Amino acid sequence: MSEWATGSVIITHNVGLHARPSVKLTKLAKGFGAVIEIAGSSDGPWIDAKSIVKVMAMKAKQDSTLHVRATGADAAAAVTALTGLVERDFDEGGHVA
Amino acid sequence: MKAGMSLELQGIGASDGLFLGPVRSLHAVTKRRIPSSDSVAEREALTAAIAAAIAELSDLMTQVDGDAADILAFQVAMLEDDSLSAPALASIETGEPADIAWTAALHPEIEGYEASDDDYFRARAADLKDLRDRVLRHLVGEAETSRSDGMVLVGDDLAPTIFLETDWSRGGAIALSGGSTTSHVAMLARARGIPMVVGLGDAIVGSTGMLAIDGATGRVIVDPHPDECSNFRIRHAADVERRRAENHHLLDPARRGSGERIEILINVAAVEELDHIDVRSCDGIGLMRSEFLFRDGAPLPDEEQQYKAYRRFVEWADGRPVTIRTLDIGGDKPVSGLTPVGERNPFLGLRGVRLTLSRPDVFRTQLRALARTAAHGPLKIMIPMVTIPAELDQTAELLDACVAELAQEGIAAIRPPLGIMVEVPAVAIAPDFFSKADFFSIGSNDLTQYVTATSRDDANVAPLNDAGHPAVTRLIASVAGYGRAQGIPVSLCGDMASDPQFLEGLLDAGLSSLSVAPARLGRIKAALRTL
Chain A
583 MSEWATGSVI ITHNVGLHAR PSVKLTKLAK GFGAVIEIAG SSDGPWIDAK SIVKVMAMKA
643 KQDSTLHVRA TGADAAAAVT ALTGLVERDF DEGGHVA
Chain B
4 MKAGMSLELQ GIGASDGLFL GPVRSLHAVT KRRIPSSDSV AEREALTAAI AAAIAELSDL
64 MTQVDGDAAD ILAFQVAMLE DDSLSAPALA SIETGEPADI AWTAALHPEI EGYEASDDDY
124 FRARAADLKD LRDRVLRHLV GEAETSRSDG MVLVGDDLAP TIFLETDWSR GGAIALSGGS
184 TTSHVAMLAR ARGIPMVVGL GDAIVGSTGM LAIDGATGRV IVDPHPDECS NFRIRHAADV
244 ERRRAENHHL LDPARRGSGE RIEILINVAA VEELDHIDVR SCDGIGLMRS EFLFRDGAPL
304 PDEEQQYKAY RRFVEWADGR PVTIRTLDIG GDKPVSGLTP VGERNPFLGL RGVRLTLSRP
364 DVFRTQLRAL ARTAAHGPLK IMIPMVTIPA ELDQTAELLD ACVAELAQEG IAAIRPPLGI
424 MVEVPAVAIA PDFFSKADFF SIGSNDLTQY VTATSRDDAN VAPLNDAGHP AVTRLIASVA
484 GYGRAQGIPV SLCGDMASDP QFLEGLLDAG LSSLSVAPAR LGRIKAALRT L
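Top line first, the protein sequences correspond to chains A and B.
The first sequence begins at 583 in my numbering and counts up by one.
The second sequence begins at 4 in my numbering and counts up by one.
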């Protein structure tokens, strides 16, 4: 198996990884050639970050940690981009505390 | 059905107007596809049906924004994801017909959402069913026959997507066994003037003939017999003619027969309602119900989302005043995660400002968004369910703190005037304790409910729930008189302002500012000219 680039980030969005953030996350993931997977725990199960069906099915909640890993030519950039999006609260501005 | 048999049902009117037309059932697709016994053809049929559904949804997305657009974007993304159709395509390879394979593949996905302990994720099951049925309709060839113009849509509830893609140009109506008068669809129906009745119960389900709908009274006649039909048509024609006459002077300033100018503003909730209203027909927005942004099962809107939404009302009003009521939930308007569960008597419980003061995190977010919006036009903030002066004082402190914070952060904001709803009898009896309020707005629906001790939605006591009761009228006159003496503006934003029979009494009580349902602007302004 090839090398994985990894990262993790806490989901601060007020309902977790719901529809609008999931659409943004999968769209961003699809822009990379790398295989990108996410998980709610560092031991998996890992799921395809480009599939909204699977990302939504995780039902990741607010304050949970999202683990990201990627393999392929642009793997490092992909992990940075995805964790960055979650860190910026999906670019949705301030949220209800 | 035997000839001459008709059935009369009583529901709750959600959008005014009369309509007579054939039923179009919104029930789940029951038609079966005639399978081709060729897995390649079945596979192509499913792929084509998904593509057609994506095209339809993408087309709808160009007509909406906000929450509705987010939901459509989510449905499109789901349909574009191969992992949604993969199990169906695999079953097709083993000889399953496409429609059965598709339904079976979606089943565990839908169940997964339904089993969630989180309201937000659970609510997504409805989106999945909506997209499942959209694809199915294409598969079974129902899409072409799903014309609904000039028909009455009948079902348990109605997805906003269905409302938006219906051609209403030839009229139409909505009759639901469940549903709610505060749903997104009810707002859309009121905005478009489509008659709608909710809460009809199971009796409406399965009706297939004609329906006569009265959206004002909530009355529905199933399979009306010929003389009922002709009576209804006469009423409908008279209604159309009356509306035409009332709306003839819609854009003229509101004046009494004597020429005295009276302010007539409108009550709104969804920004979509504004699309069909000419701003020149009113003197501004007297009540914007902000709880519309806080829908049950949806995520709480953050400051930015609220600011963007409120700003659109102020921009639409184009310099006219806009009064936004802070979150008025509780009572009959639950929002999970915010409103208390299991209250014995929610109308006397933690609702309105009582609730928002108990959740300063939520309240501050809203007040910050409102102060930012005030920088764009004449905005006023109104707090509901005030009972004691301390509630006004605490809200004022919170608002001042938010304005100071925004100034420190370098974000443009203005401290808007802060007024109160007069709907709890304690305030209506002793308005002089609230002299610090910048304005009063009488909420006659709740005031009537509390003064007459009758529920707003109980048919058994409906005759007692009368806004015309002298006790209610006297309280209104007393509040108006106090306001005039102290120079505090007083208006009224309950349903009685939209009802011409009360107009003279309200003017006699000393009111010169009323906020009405947009669909009643013409009628109230016409009635005003005769007084």
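Source of the hints: derived by calculation from the structure; they are not laboratory data.
Take the hints with a grain of salt, since some may be wrong.
[Claimed, not checked] Examples of chain A residues lying across from chain B (beta carbon under 8 Å, computed):
{"hint": "1", "residue": "Ala601"}
{"hint": "2", "residue": "Ser633"}
{"hint": "3", "residue": "Val635"}
{"hint": "4", "residue": "Ala639"}
{"hint": "5", "residue": "Thr647"}
{"hint": "6", "residue": "Asp656"}
[Said to hold, decoys possible] Derived EDC-like pairs (lysine to aspartate or glutamate); straight-line CA-CA distance at most 20 Å:
{"hint": "7", "chain 1": "A", "residue 1": "Lys609", "chain 2": "B", "residue 2": "Glu114"}
{"hint": "8", "chain 1": "B", "residue 1": "Lys311", "chain 2": "A", "residue 2": "Asp673"}
{"hint": "9", "chain 1": "A", "residue 1": "Lys612", "chain 2": "B", "residue 2": "Asp120"}
{"hint": "10", "chain 1": "B", "residue 1": "Lys132", "chain 2": "B", "residue 2": "Asp152"}
{"hint": "11", "chain 1": "A", "residue 1": "Lys636", "chain 2": "B", "residue 2": "Asp121"}
{"hint": "12", "chain 1": "A", "residue 1": "Lys643", "chain 2": "B", "residue 2": "Asp133"}
{"hint": "13", "chain 1": "A", "residue 1": "Lys636", "chain 2": "B", "residue 2": "Asp305"}
{"hint": "14", "chain 1": "B", "residue 1": "Lys311", "chain 2": "A", "residue 2": "Asp671"}
{"hint": "15", "chain 1": "A", "residue 1": "Lys609", "chain 2": "B", "residue 2": "Asp84"}
{"hint": "16", "chain 1": "A", "residue 1": "Lys636", "chain 2": "B", "residue 2": "Asp130"}
{"hint": "17", "chain 1": "A", "residue 1": "Lys609", "chain 2": "A", "residue 2": "Asp673"}
{"hint": "18", "chain 1": "A", "residue 1": "Lys609", "chain 2": "B", "residue 2": "Glu83"}
{"hint": "19", "chain 1": "A", "residue 1": "Lys612", "chain 2": "B", "residue 2": "Asp130"}
{"hint": "20", "chain 1": "A", "residue 1": "Lys643", "chain 2": "B", "residue 2": "Glu114"}
{"hint": "21", "chain 1": "A", "residue 1": "Lys609", "chain 2": "A", "residue 2": "Asp630"}
{"hint": "22", "chain 1": "B", "residue 1": "Lys311", "chain 2": "A", "residue 2": "Glu674"}
{"hint": "23", "chain 1": "A", "residue 1": "Lys606", "chain 2": "B", "residue 2": "Asp120"}
{"hint": "24", "chain 1": "A", "residue 1": "Lys606", "chain 2": "B", "residue 2": "Glu114"}
{"hint": "25", "chain 1": "A", "residue 1": "Lys643", "chain 2": "B", "residue 2": "Asp121"}
{"hint": "26", "chain 1": "A", "residue 1": "Lys636", "chain 2": "B", "residue 2": "Asp133"}
{"hint": "27", "chain 1": "A", "residue 1": "Lys636", "chain 2": "B", "residue 2": "Asp85"}
All figures in this text were calculated on a predicted structure; none of them were measured in a lab.
Think of the CB as a built atom: it goes at the ideal place given N, C-alpha and C, for glycine as much as any other residue.
Structure-inconsistent hints, enumerated in ascending order: Hints 5, 6, 7, 9, 10, 12, 13, 19, 23, 24 contradicted; others consistent.
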